[in-house]
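Asker: Take a look at the letters that make up each chain.
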Amino acid sequence: MSRIVNIAIASVGGQGGLTLSRALAIAAVLDGYSVRTGETLGMSQRFGSVLSYVRIGKRVFSPTFSTGEADFLLGLELVESVRALPLLRDGGVAVVADTLKIPISASLEKMSPRVDELIRELTRRSRAVIVPASKIARDAGNPRAANMVVLGVFQGISGLLTETSLRKAISEVVPGKWLETSMKAFDEGLKYGVSVRTVP
Amino acid sequence: MFNPLKAPEGVRIALMGNEAIARGFLEAGASVITGYPGTPSSEVITSLHEYGVSSEIFVEWAINERVAFEIAYGAAICGARAAVTMKAPGASVALDPIVSSAYGGVEGGLVVLVADDPGPHTTQTEQDDRWLGFLAKLPVVTPSSPQEAKDLTVSAFDISEELKLPVILRTTTRVNHTVGEVLLGPVRPPKRTAGFVKDIPRFVRAGMSWNLERHRWLNKQLDIAEDVFDRISPVRNTVEGSGRFCVVTEGAAYNYVREVVDELGIEVRVVKLSLLFPPPRKFLTEALDGCSDILVVEELDPYLELVVKSLLKDRGSTARVYGKVSGSIPLEGELSRGLVRRAMTSLLPGTPSSAPQEVQPRQALKVPPRPPPMCPGCPHRSMYVAMLIGISRAGYKRGEVPVFGDIGCYALASQPPLEAIWTEHSMGASISMAMGAKVAGFRGPVIAVIGDSTFYHAGIQPLIEAVHKRVDMLVVIADNSVVAMTGHQSTPAWSTLESGRKARPVIVEDIVRAVGVDYLEVVDPYDIDKMINAFERLIKQPGVKVLVSKHPCALLEARSRSLRRYRVIDEKCTGCLACIKVTGCPALFYENGKVSISADDCVGCGLCARFCPYKAIEVAGNE
Numbered sequence: 000m001s002r003i004v005n006i007a008i009a010s011v012g013g014q015g016g017l018t019l020s021r022a023l024a025i026a027a028v029l030d031g032y033s034v035r036t037g038e039t040l041g042m043s044q045r046f047g048s049v050l051s052y053v054r055i056g057k058r059v060f061s062p063t064f065s066t067g068e069a070d071f072l073l074g075l076e077l078v079e080s081v082r083a084l085p086l087l088r089d090g091g092v093a094v095v096a097d098t099l100k101i102p103i104s105a106s107l108e109k110m111s112p113r114v115d116e117l118i119r120e121l122t123r124r125s126r127a128v129i130v131p132a133s134k135i136a137r138d139a140g141n142p143r144a145a146n147m148v149v150l151g152v153f154q155g156i157s158g159l160l161t162e163t164s165l166r167k168a169i170s171e172v173v174p175g176k177w178l179e180t181s182m183k184a185f186d187e188g189l190k191y192g193v194s195v196r197t198v199p
Numbered sequence: 000m001f002n003p004l005k006a007p008e009g010v011r012i013a014l015m016g017n018e019a020i021a022r023g024f025l026e027a028g029a030s031v032i033t034g035y036p037g038t039p040s041s042e043v044i045t046s047l048h049e050y051g052v053s054s055e056i057f058v059e060w061a062i063n064e065r066v067a068f069e070i071a072y073g074a075a076i077c078g079a080r081a082a083v084t085m086k087a088p089g090a091s092v093a094l095d096p097i098v099s100s101a102y103g104g105v106e107g108g109l110v111v112l113v114a115d116d117p118g119p120h121t122t123q124t125e126q127d128d129r130w131l132g133f134l135a136k137l138p139v140v141t142p143s144s145p146q147e148a149k150d151l152t153v154s155a156f157d158i159s160e161e162l163k164l165p166v167i168l169r170t171t172t173r174v175n176h177t178v179g180e181v182l183l184g185p186v187r188p189p190k191r192t193a194g195f196v197k198d199i200p201r202f203v204r205a206g207m208s209w210n211l212e213r214h215r216w217l218n219k220q221l222d223i224a225e226d227v228f229d230r231i232s233p234v235r236n237t238v239e240g241s242g243r244f245c246v247v248t249e250g251a252a253y254n255y256v257r258e259v260v261d262e263l264g265i266e267v268r269v270v271k272l273s274l275l276f277p278p279p280r281k282f283l284t285e286a287l288d289g290c291s292d293i294l295v296v297e298e299l300d301p302y303l304e305l306v307v308k309s310l311l312k313d314r315g316s317t318a319r320v321y322g323k324v325s326g327s328i329p330l331e332g333e334l335s336r337g338l339v340r341r342a343m344t345s346l347l348p349g350t351p352s353s354a355p356q357e358v359q360p361r362q363a364l365k366v367p368p369r370p371p372p373m374c375p376g377c378p379h380r381s382m383y384v385a386m387l388i389g390i391s392r393a394g395y396k397r398g399e400v401p402v403f404g405d406i407g408c409y410a411l412a413s414q415p416p417l418e419a420i421w422t423e424h425s426m427g428a429s430i431s432m433a434m435g436a437k438v439a440g441f442r443g444p445v446i447a448v449i450g451d452s453t454f455y456h457a458g459i460q461p462l463i464e465a466v467h468k469r470v471d472m473l474v475v476i477a478d479n480s481v482v483a484m485t486g487h488q489s490t491p492a493w494s495t496l497e498s499g500r501k502a503r504p505v506i507v508e509d510i511v512r513a514v515g516v517d518y519l520e521v522v523d524p525y526d527i528d529k530m531i532n533a534f535e536r537l538i539k540q541p542g543v544k545v546l547v548s549k550h551p552c553a554l555l556e557a558r559s560r561s562l563r564r565y566r567v568i569d570e571k572c573t574g575c576l577a578c579i580k581v582t583g584c585p586a587l588f589y590e591n592g593k594v595s596i597s598a599d600d601c602v603g604c605g606l607c608a609r610f611c612p613y614k615a616i617e618v619a620g621n622e
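Chains as they are written, first to last, in numbering that gives the first Met the number 0: chain A, 0 to 199; chain B, 0 to 622.
Rather than coming from a laboratory, the hints here were simulated on the basis of the structure. Yeah, the Cβ is synthetic: ideal placement off N, Cα and C, and Gly gets one too. The reader is advised that the hints may include incorrect statements.
[Unchecked claim] Over the 12 Å line for every Cβ pair with chain B, so calculated as not near, a few chain A residues:
no., residue
1, T63
2, D97
3, T161
4, T163
5, K190
[To be verified] Pairwise CB distance ranges (calculated):
no., chain 1, residue 1, chain 2, residue 2, range
6, B, E49, A, T163, 46 to 54 Å
7, B, K281, A, T163, 48 to 56 Å
8, A, V114, B, E418, 28 to 36 Å
9, A, T163, B, R235, 31 to 39 Å
10, A, T122, B, E239, 41 to 49 Å
11, B, P368, A, P131, 25 to 33 Å
12, B, V10, A, V114, 44 to 52 Å
[To be verified] Subject to a maximum C-alpha distance of 27 Å in a straight line, what follows is the list of computed DSSO-like cross-link-like pairs (lysine-lysine):
no., chain 1, residue 1, chain 2, residue 2
13, B, K580, A, K109
14, B, K5, A, K109
15, A, K167, B, K580
16, B, K614, B, K571
Extracted from the complex, chain A is given alone in its bound form (with noise of 0.2 Å):
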């Protein structure tokens, strides 16, 4: 890797996007990069709007970055991932869940955003992938983990990191009666990014 590489990770709280963030920190450490990660906690259990920055590299100082800098950005939900999209740089991809989680904001307006139009929005500029992770994760026996699936595609598509050392960060971050369905779905999200890599 010889430039930092910069991902965003978009999420409402709860979904998991701090766990993701983490794993990938773990990840990059045992890779022998240098990593910093830049959120914000305390309030992110709370269903608000959660973003978190990875930066992964030889040698790393800041934990954020500016608009048109990111190379992935990584979205657990719909809304929150349209937010993010002025981070990604042009040219960078977006692994996005095709989760939507409607915020009270829009519903006491009746102005309800639809999939179709969010993800015509995140696919209009930029390489975007839309996954089922939710599903993906219900299907390996972990609705939670739809997180893990968005690690594994991610892994599938870039490549960016060692798979040896994303299951021990995974293995790090999930408590181990959870473990097995994460690790299967991220296995799954694996094979998931594998299989679109080559698509344009």
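Once you've looked at the hints, dock chain B against the given chain A.
Answerer: Frame of chain A; chain B shown alone:
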């Protein structure tokens, strides 16, 4: 799961800044560690609890920051190594004993973690606690990365013992909450008390001549602080690069400076401070020698800028200084690479004014905001809904009864649709500010809402004040039996603490009763009609009335009991939105003309069903 706090020396692992500080406490041999939860400082003690520490180490939350500091100070004057953690406003709560501690000093090392929050992300103000150095006359050190956070924590104990002064470890959110690679050092055995040596002039502040003498001693210690820091700390004040253009920086801001200088490929002198107080004048004099232009890059106040200007004035230097006072760096908010780049390029002619990554972002589809709401099933929501209905049943309009809020999850009720609280100020202020309104002549009823942990922390004295002065008010204590907002820490009502320690529960109602309020009632807010009725009655009643709204935090309850879930009967739902407008519950959403309930998020409180005029919400089944 992997236990980073027990990993061996020499291993390089990913740690969050706060975990690195926790590891630093163990590597330094701290034996008394306490504090009060507050973002972004909470994970230090939380991670020690999560991963477990030896029973030789006391790691417990205290009732507030002041008590926490005094516990740690008491341990340190008995020779133990002690640490205390708090967010910025907590340092203000503890300020009285912190300032006095500089006069008595310590025997065992004492490190005070104060976590500031440029942004702000989760704090009421952008308070700059570097000023604590000048105010309390205590050494202040600051790290820029998780690695430095750990290493500087260890050094801070050694410096503290050498100078016999508490040391303030001052951090910011982007260090506390950043995960980075950290090389671990050896863990030292905990240093407990070796006995308390009686020394009245040193530890009794009642003698004014003793105080004057201790002040002289303190100033002498500060005179040698820079030398002691240089000798002990592996995290140093540094100079990187060379040139007549110089950037002075510290902490998280250094990271942006370092990357921008590398990106621009320019030759500048980067001076980074790790010791912030006393200002390292010897180091700065040398580091700034020959500089013609100095840009100070720092977050929050122009602290270093004033330090540098004062030093240059004393040296008769004519170097130009840029920073927050000159407008090169904003006075508010947190810094970024972009802001630092702009400041540097505008001062350095010939550098590209914007790097390629600063291209205008694509115009994205506008999406609705998602501020943090109260969680589905939150008992606070039920309490507020009952309060708003109770106010109108008591014959008042919502806008006629001021609701003084306090600090905790229940302040999230300021968001639509509830918009229930009118103030959120500082810990415990709900009751005292409500009293202020009444003694100023406010004629109608007033309500104060305070959480259980905030009540223990700073609400008991205000309640005594209100009772003692016979001020009419309704005080709602929203008791969910936990410090919920900062990650579910223990309260004095717990019988077994996170550490496993057995404790004697101190119950909210017992305290309220002992204070002598005119009326006390405890209601489960899930019993919504009983709660509405209680509000209606108590708003009209004279005296100091306390209504304890008691129900466990829904997030915790959902983990421990089987859930009932609700669903919307499509044929009956008219899309009137009554459920959403009354509750604002994030498990409800409007789509295609109807309301639906997210089965993943509903915890079955039933509040929405109670307020559906068409009986269109029913129990979907138990899990």
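Asker: Next, verify each hint and record whether it holds.
Answerer: Hints and how they fare:
no.: 1; hint: T63; verdict: violated (6 Å)
no.: 2; hint: D97; verdict: holds (14 Å)
no.: 3; hint: T161; verdict: holds (15 Å)
no.: 4; hint: T163; verdict: holds (15 Å)
no.: 5; hint: K190; verdict: holds (24 Å)
no.: 6; hint: B:E49 - A:T163: 46 to 54 Å; verdict: violated (26 Å)
no.: 7; hint: B:K281 - A:T163: 48 to 56 Å; verdict: holds (50 Å)
no.: 8; hint: A:V114 - B:E418: 28 to 36 Å; verdict: holds (30 Å)
no.: 9; hint: A:T163 - B:R235: 31 to 39 Å; verdict: holds (37 Å)
no.: 10; hint: A:T122 - B:E239: 41 to 49 Å; verdict: holds (44 Å)
no.: 11; hint: B:P368 - A:P131: 25 to 33 Å; verdict: holds (27 Å)
no.: 12; hint: B:V10 - A:V114: 44 to 52 Å; verdict: holds (45 Å)
no.: 13; hint: B:K580 - A:K109; verdict: holds (11 Å)
no.: 14; hint: B:K5 - A:K109; verdict: violated (52 Å)
no.: 15; hint: A:K167 - B:K580; verdict: violated (46 Å)
no.: 16; hint: B:K614 - B:K571; verdict: holds (7 Å)
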